[in-house]
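> Numbering (our numbering), first residue to last: 1 to 543.
No lab work stands behind these hints, which were simulated from the structure alone.
Note that the Cβ used here is the ideal one computed from N, Cα and C, for glycine as well.
It is possible that some hints are incorrect.
[What the hints assert, rightly or not] Simulated restraints on C-beta separations:
id	residue 1	residue 2	range
1	487	455	45 to 53 Å
2	192	212	17 to 25 Å
3	393	168	54 to 62 Å
4	15	192	20 to 28 Å
5	84	415	50 to 58 Å
6	487	15	41 to 49 Å
7	241	172	44 to 52 Å
8	27	106	27 to 35 Å
9	56	89	46 to 54 Å
10	432	276	41 to 49 Å
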Amino acid sequence: MNIIEAKQEIIHTIRAYLMKDETGAYRIPVEKQRPMLLMGPPGIGKTAIMEQIASELGINLVSYTITHHTRQSAIGLPFISKRDFGGEEYSVTEYTMSEIIAAVYEQIERSGIHEGILFLDEINCVSETLAPMMLQFLQYKTFGTHKVPDGFVIVTAGNPPEYNRSVRDFDIVILDRVKRLDITADVEAWKRYAYQMGVHGAILAYLDIKKENFYIVKADLAGAQFVTARGWEDLSRIMTVYEEMGLPITRELVLQYLEDPEVARDFATYYALYQKYRTSYHVQEILAGQRPTDLHALVSAPFDEKLSLIGLLTDALGQDFRAYGEQVDIQRAVFTEMKKLRDALSSANAIDRNAHTAPVAPTAPAGNAADRQPEASGSSDALTSGNLQAQLAADHDAMVAELQRRQKAHLLSHRAERIERKAILALEELMHELSLARGDGTATTDEALYALAKQWFTKRESARKAAIEKTGAELTNAFGFLHDAFSDGQEIVLFLSNLNASSACLRFIRECGNDAYYQYNQFLLLHDQRSTLRAEAARMLEL
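Go ahead and model the full structure; you've got the sequences and the hints to work with.
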C-alpha cells in the first residue's frame, strides 16, 4: 500500500484498539492488540504520518529509534533489593524502570491524556543484546518487568534488507504477533501530502514530468546513490528560504538533498527553466485575468513546458488556498476571545445588547451550524467598568500558557502551532490598539473599548472576505486561460487533477464554492467516463 493508505489503516486500527465496551474495558483486550509493523524504504514518510495521526486523533506520541538503545537503557538497570519470602529475607535482583516506559508515563503527565502511540523506529536493527527481548516486548508489551501503560498502541517501523545492512530478518514467531503493513513509494500519494505541506511548485512540476525520479536507491562503484521523499521535502524547505533571501538555487545545493548526481543535475536544470517560465508567462497577470500576447503559441509548445505552466498556476493558487485555511482558523480563534468579552460585558450589564451586537464569526458555507453566532452565555466572568483590558490580558496569558503546555507535551502539529501563535499575535495587536485608545482618550469606558474591538475584528473579517473573492476570481481566471489556450484538452484535466490532490483547495471549494471549478470538474468526470468507455470498446474489439 502507499503511505496515504497506510495512514488510514493505522488510524482505523488505533480507533479499534481504543474502543471500549459499556463497562469501560477495551473491546479488543490489550494482550490481543497486535503491534503494527510498517515495512518500507527509508525517507518515505513513516515517521511523518505518525505525527499526523497523533495530532488528528488528539492522542500522545512517544517516538524512539530503537537502534540508539542498549539492553540497559531499554530494559533498565539491575539493583539489589530485600524481599521477604516465607518469613525469611532474601536479596533479589530488580530493575529500574525502562527509559522508554518512563518516557510514556512522563508524556501522560505532561499532556493529561492517557492514550497514545509508542512508536519505535528501525525495529529490525536492534543491537545484539536487545534482540532477544523483542519477542517479549511485541507479545507482552513489556520492557524488562515494566509494562507499556494500557491505552498506548505500539507501532513499529523498519526498512527492508536491501536498504539497510544492519537489518535482522524476523522469524515466524515474531511475525505472527504483529500486524504488518508493507509500504511502497508512490509519487501520486506523496503529492497529496506535498500540496498540504506547501512543497515548492518546481518540485511538484518536475515530478509530474519525471515521476521515475521520485524515489531512487541504488549502489555502484561510486557508492550509494539515493533520492527519497524526505529529501524532496527538505530540499523544498531550503529552496523556499533561499528564494526569500535572494540566494541562488545551485546544483551543489540540490545535491546535498538529492544524493544522486544525475537527478540533482537534471532538477537543477529544470529549476532554471521553471524560473524562466515563471517570468515569461507572468502567472500573476494570468490569474488577474490577463492573457499572454502569444497565447496560441502555447498550443505547439513542448508538453513539458505546458506541465510547467500548469505547475506554476497550481503553486500560486495553492499558496492562496493555504492562506485561506490559515486565516479562517486564526479568525475563529480570535472570535472565541471576542465572544468571551461580549458575554462577560453582557452579563455585567456593561453594554446595551440591543445597541451593541456581537461581531459576526468567520463563516464557511451559509447554514453551517458550527459557524452560527451563539447567544450570550451569561459567563460568570462578569466585568465591571474599566476591566475589559484586564480580561483581554488574562485571556491572552491563558492562550500563551496553553500553547506552552501543548508544546511541552508535543501535542501540536507545525500548522496548529503556527495558527495558535498568529492568534496570540492578533490579540496582542488588539491589546495595543485598546491601550492607545484609552491613553489618548479616544475610548475610556468598557463600552467604547468593546465597540473599538468590534471594529477591529470587522476590519480583519472584511480583509479576509476580500482575499476569498480574490482567490475565487483567480481560480476562475485560471480555468478561463487554460480553456482559451488549450480548449478542453488534457491540460485542463491535469490542472483539475492537481487541484483535487490538494486538501487546501478542496477545503476552499467546499466552504466558498467556485462555479468554474464545478463546471470543469464535471468535465473531468465526463472525460474519465469517455476514457473508460474507449478502453472497454477496445477490449471488445480485441475479442
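> Now, for every hint given, state plainly whether the structure supports it.
Taking the hints in turn, this is what the structure says about them:
1. Checked against the hint of 45 to 53 Å, the pair residue 487 and residue 455 passes, with Cβ atoms roughly 49 Å apart.
2. For residue 192 and residue 212, the hinted distance range of 17 to 25 Å is satisfied, since their beta carbons lie about 19 Å from each other.
3. A C-beta distance of roughly 57 Å is found between residue 393 and residue 168, which places it inside the suggested range of 54 to 62 Å.
4. Checked against the given bound of 20 to 28 Å, the beta carbons of residue 15 and residue 192, roughly 21 Å apart, stay inside it.
5. For residue 84 and residue 415, the Cβ-Cβ distance of about 56 Å falls inside the hinted range of 50 to 58 Å, so the restraint holds.
6. Restraint check, residue 487 to residue 15: a C-beta distance of roughly 47 Å satisfies the suggested window 41 to 49 Å.
7. The supplied range of 44 to 52 Å is met by residue 241 and residue 172, whose beta-carbon atoms lie about 49 Å from each other.
8. Taking 27 to 35 Å as the suggested C-beta distance range, the pair residue 27 and residue 106 conforms, at roughly 28 Å.
9. Between residue 56 and residue 89 the C-beta distance comes to about 53 Å, which sits within the given range of 46 to 54 Å.
10. Checked against the hint of 41 to 49 Å, the C-beta distance between residue 432 and residue 276 comes to roughly 44 Å, which is consistent with it.
Checked against the numbered hints above, the structure violates none of them.
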